[in-house]
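Asks: Got chain H; can you put chain E on it based on the hints?
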Amino acid sequence: MKKQQRLVMRTVILLLLLAAVGYTIYSNFFVDKAKVKVGSTAPDFVLTDLSGKQHRLSDYRGKGVFLNFWGTWCKPCEKEMPYINRQYSVYKNQGVEVLAVNVGETKLSVQNFVDRFGLTFPVMIDREDQVMNAYDVDRLPATYLIDKNGKVKGIITGTMTEEKVKQYMESIKP
Amino acid sequence: MEHVKCECGHVNPHGTVFCESCGKPLGENAEKKLLDMRYEGSARRSQTYNKTIIDKIWAFFSSVKVGVALIVITLIASAIGTIFPQEMYLPPNVSPAEYYEDQYGWLGKLYYQLGFNDLYGSWWYMLLIASIGVSLVICSLDRVIPLYRALKRQGVTRHPNFLRRQRLFSVSKVADADDVFKQVKEKLAQRRYHIREENGNILAEKGRFSRWGPYVNHIGLIIFLIGAMLRFVPGMYVDEVLWIREGETKEIPGTNGKYFLKNEKFIFETYEKGKENEVFNAAIDRVGSGMVAKNYQTNVVLYQRVGPIIAGEEPKLKKVKEYKIRVNEPLKYDHYALYQVDFKQNEPYKMAFQLMDKTSGKSFGTVVIDLHHPKPSYDLGNGYRVELLSYFPDFYFDDDGNPSTKSKVPNNPAFVFKMFAPDKPKGEVSFVAIRQTIEPFGNNKYKMAFSGLETRNVSGLTVRRDFTLWILGVGGVIFMIGVIQGMYWNHRRIWLQRVNGEVWLAAHTNKNWFGLKNEIRRVIEGTGLAMPIDQAEEEKKAAQGGQVHGATE
Chain H
0 MKKQQRLVMR
10 TVILLLLLAA
20 VGYTIYSNFF
30 VDKAKVKVGS
40 TAPDFVLTDL
50 SGKQHRLSDY
60 RGKGVFLNFW
70 GTWCKPCEKE
80 MPYINRQYSV
90 YKNQGVEVLA
100 VNVGETKLSV
110 QNFVDRFGLT
120 FPVMIDREDQ
130 VMNAYDVDRL
140 PATYLIDKNG
150 KVKGIITGTM
160 TEEKVKQYME
170 SIKP
Chain E
0 MEHVKCECGH
10 VNPHGTVFCE
20 SCGKPLGENA
30 EKKLLDMRYE
40 GSARRSQTYN
50 KTIIDKIWAF
60 FSSVKVGVAL
70 IVITLIASAI
80 GTIFPQEMYL
90 PPNVSPAEYY
100 EDQYGWLGKL
110 YYQLGFNDLY
120 GSWWYMLLIA
130 SIGVSLVICS
140 LDRVIPLYRA
150 LKRQGVTRHP
160 NFLRRQRLFS
170 VSKVADADDV
180 FKQVKEKLAQ
190 RRYHIREENG
200 NILAEKGRFS
210 RWGPYVNHIG
220 LIIFLIGAML
230 RFVPGMYVDE
240 VLWIREGETK
250 EIPGTNGKYF
260 LKNEKFIFET
270 YEKGKENEVF
280 NAAIDRVGSG
290 MVAKNYQTNV
300 VLYQRVGPII
310 AGEEPKLKKV
320 KEYKIRVNEP
330 LKYDHYALYQ
340 VDFKQNEPYK
350 MAFQLMDKTS
360 GKSFGTVVID
370 LHHPKPSYDL
380 GNGYRVELLS
390 YFPDFYFDDD
400 GNPSTKSKVP
410 NNPAFVFKMF
420 APDKPKGEVS
430 FVAIRQTIEP
440 FGNNKYKMAF
450 SGLETRNVSG
460 LTVRRDFTLW
470 ILGVGGVIFM
480 IGVIQGMYWN
490 HRRIWLQRVN
500 GEVWLAAHTN
510 KNWFGLKNEI
520 RRVIEGTGLA
530 MPIDQAEEEK
540 KAAQGGQVHG
550 ATE
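Protein sequences appear in the order of chains H and E. Residues in the first sequence are numbered from 0 upward in steps of one, following numbering that gives the first Met the number 0. Residues in the second sequence are numbered from 0 upward in steps of one, following numbering that gives the first Met the number 0.
If you're looking for bench data, these hints aren't it; they were derived computationally from the structure. Be aware that a few hints might be false.
[What the hints assert, rightly or not] SDA-like, lysine to any residue: derived pairs with alpha carbons at most 25 Å apart:
{"#": "1", "chain 1": "E", "residue 1": "K407", "chain 2": "H", "residue 2": "D128"}
{"#": "2", "chain 1": "H", "residue 1": "K2", "chain 2": "E", "residue 2": "L150"}
{"#": "3", "chain 1": "E", "residue 1": "K64", "chain 2": "H", "residue 2": "G157"}
{"#": "4", "chain 1": "E", "residue 1": "K405", "chain 2": "H", "residue 2": "G157"}
{"#": "5", "chain 1": "H", "residue 1": "K36", "chain 2": "E", "residue 2": "S403"}
{"#": "6", "chain 1": "E", "residue 1": "K249", "chain 2": "H", "residue 2": "D137"}
{"#": "7", "chain 1": "E", "residue 1": "K374", "chain 2": "H", "residue 2": "T119"}
{"#": "8", "chain 1": "H", "residue 1": "K34", "chain 2": "E", "residue 2": "R304"}
{"#": "9", "chain 1": "H", "residue 1": "K147", "chain 2": "E", "residue 2": "I309"}
{"#": "10", "chain 1": "E", "residue 1": "K417", "chain 2": "H", "residue 2": "K147"}
{"#": "11", "chain 1": "H", "residue 1": "K2", "chain 2": "E", "residue 2": "K4"}
{"#": "12", "chain 1": "H", "residue 1": "K52", "chain 2": "E", "residue 2": "M87"}
{"#": "13", "chain 1": "E", "residue 1": "K407", "chain 2": "H", "residue 2": "T156"}
{"#": "14", "chain 1": "H", "residue 1": "K34", "chain 2": "E", "residue 2": "I243"}
{"#": "15", "chain 1": "H", "residue 1": "K34", "chain 2": "E", "residue 2": "G459"}
{"#": "16", "chain 1": "H", "residue 1": "K106", "chain 2": "E", "residue 2": "E86"}
{"#": "17", "chain 1": "H", "residue 1": "K34", "chain 2": "E", "residue 2": "W122"}
{"#": "18", "chain 1": "H", "residue 1": "K34", "chain 2": "E", "residue 2": "M87"}
{"#": "19", "chain 1": "E", "residue 1": "K425", "chain 2": "H", "residue 2": "P173"}
{"#": "20", "chain 1": "E", "residue 1": "K50", "chain 2": "H", "residue 2": "L6"}
{"#": "21", "chain 1": "H", "residue 1": "K2", "chain 2": "E", "residue 2": "E86"}
{"#": "22", "chain 1": "E", "residue 1": "K374", "chain 2": "H", "residue 2": "G117"}
{"#": "23", "chain 1": "H", "residue 1": "K62", "chain 2": "E", "residue 2": "I309"}
{"#": "24", "chain 1": "H", "residue 1": "K2", "chain 2": "E", "residue 2": "R152"}
{"#": "25", "chain 1": "E", "residue 1": "K349", "chain 2": "H", "residue 2": "G103"}
{"#": "26", "chain 1": "H", "residue 1": "K36", "chain 2": "E", "residue 2": "E86"}
{"#": "27", "chain 1": "H", "residue 1": "K52", "chain 2": "E", "residue 2": "I309"}
{"#": "28", "chain 1": "E", "residue 1": "K249", "chain 2": "H", "residue 2": "L49"}
{"#": "29", "chain 1": "H", "residue 1": "K52", "chain 2": "H", "residue 2": "Q110"}
{"#": "30", "chain 1": "E", "residue 1": "K317", "chain 2": "H", "residue 2": "D137"}
{"#": "31", "chain 1": "H", "residue 1": "K34", "chain 2": "E", "residue 2": "F466"}
{"#": "32", "chain 1": "H", "residue 1": "K106", "chain 2": "E", "residue 2": "F466"}
{"#": "33", "chain 1": "E", "residue 1": "K374", "chain 2": "H", "residue 2": "V45"}
{"#": "34", "chain 1": "E", "residue 1": "K249", "chain 2": "H", "residue 2": "V35"}
{"#": "35", "chain 1": "H", "residue 1": "K36", "chain 2": "E", "residue 2": "D117"}
{"#": "36", "chain 1": "H", "residue 1": "K106", "chain 2": "E", "residue 2": "R152"}
{"#": "37", "chain 1": "H", "residue 1": "K106", "chain 2": "E", "residue 2": "S403"}
[As the list claims (entries may be wrong)] Just a sample of chain E residues kept apart from chain H, beta carbon distances all over 12 Å, derived:
{"#": "38", "residue": "K50"}
{"#": "39", "residue": "S77"}
{"#": "40", "residue": "A176"}
Using N, Cα and C, we set each Cβ at its ideal position, and we do this for glycine too.
This is chain H alone, in the form it adopts within the complex:
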């Protein structure tokens, strides 16, 4: 009888301890601590592009949004820009929009960059790092694939091949 009780007590205590340890380990290694993760709603933002037009993410509901964070000094960003530009010309008629957010450089540098590559999609400057903070962007380039419902479908850090860019745009086509 008493022995049975003791076994139950031990089991309960061990389970409690296991739960506490398990939670800590789980929340540390298996829960994405990023503010924005796949499946969550992409944080809304408003930015003005180089031509002075305001873009609000939530206005693009119904369209797929290819959101790219970049900087002129970032060589991998430079490499993938022409790919994005080429695929954009294909997919813009199929409901995919590209929003390229520069991480707070001068308008001059950004304009030069846009002219150099002949970028046709809207490019905007995140002057106060607000959008970068909201998306917790750490390394460049970072690309967020947002579907027609405003949900994040994928997060890509690092440079992409043209084939990949195409695949990603295809995946968020409404």
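Replies: Quick look at chain E alone, frame taken from chain H:
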């Protein structure tokens, strides 16, 4: 159930060293000279029942040896973690995977692969800490419950074998035992002993409370660990870095866009000769004037964002307060604290150039370029104009030999100017970097002569919010109470018993035997009772071959 029944009639759990009630040594323990009084001889049950997997796990964590081993392993791992720098101290923009191998070779690679690069974040380190926590809980439970039981059930009348095998023991013959008992009782009561009597025998006890010290201490530790665990719960703990230039207003990271901060001014002061109190003069002379930092300060204005929070939108700000952040004097608001931790002085802010005729040295006006908001074109009047074709805030030549920028920070600004003058309507191109001018299309008539640099300071602040701090505080206080409880009180017991017309005196304490001996000496003074012999010391002396002393030292 394998219970052991003592001759006094008390039923003891299996594994008990001596009877809970009368103290008669049981089983093999009957052979040794002195009794092992640890945990009152109670049965540590984990060592006895070992049938199911649960019992086996329990027994593993119940072992103090295992606990100590876990602590030692954690210690060694922590020490190894200090050999190479932790990941957070690496230079920015390097990949840790490559960095460790590049810098430290195969050892560095191993270091990285085993997770020493981010020790507190590595799964096995966390598992070690967690195991220490589990070990603490189980070790304590397994000992405190039997100990409590044993102390609660102890009888007054003890078996002669128990008394004889206490460390302090004496046998006396007295004329009037009743009178002696009465005297001793009075004296013990004076010394605040708690006295129990049974069949004319006495058990005097005090400071039992001290025995719970280690367990109280462990409870504190466990609360502390729970507090540390809660840091991983979202919203409980924020620790961010904010670099902010003078004059800038920026969102405070970690506040989800709710608060903004403006840096009005960064101040760095040193102890300077002639400006300080005279008592500092000798010290200033020794290290030199202006060599010792006196103050790091950022004058800030805290703003709260009003209205809905949409990232990127020009925020509507409401001023909350102005504050001077100094080292150890953080700006505190809404559980957030902003600490002064770092600074960078004299970051280029604005650069001035004169458009100049290279031969005559005549100037046609000055261009001031804001390095964060350069304009594409600067008109100097009278047909003189400068266009800014390219701007590299952190200039270097990339692998292909093209001018490029390393970052967006204006550490080393460089420009490509196109200079227009009435006699050069098509313009001349000039590449200008610090102490460097390149004229890509041959000899120019005009040049952009550097004429001034305006700099500003950058403050490095830490943003902190910690809701676990009070839990850590409570844990720490309980920890300390436990330590004090166990350190400054001793659990002392004195048995006085009539055995075959003699008076037997035995005593035990969990620490400070010297104090107990002194106390006994005072208690039995003038009663005719013999001072107990310290049998442990006798044994030691006998082992060393020393001379055996008499009973009363």
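Asks: If you test the structure against every hint from before, which numbers come out violated?
Replies: 3, 5, 10, 12, 16, 19, 21, 30, 32, 36, 38
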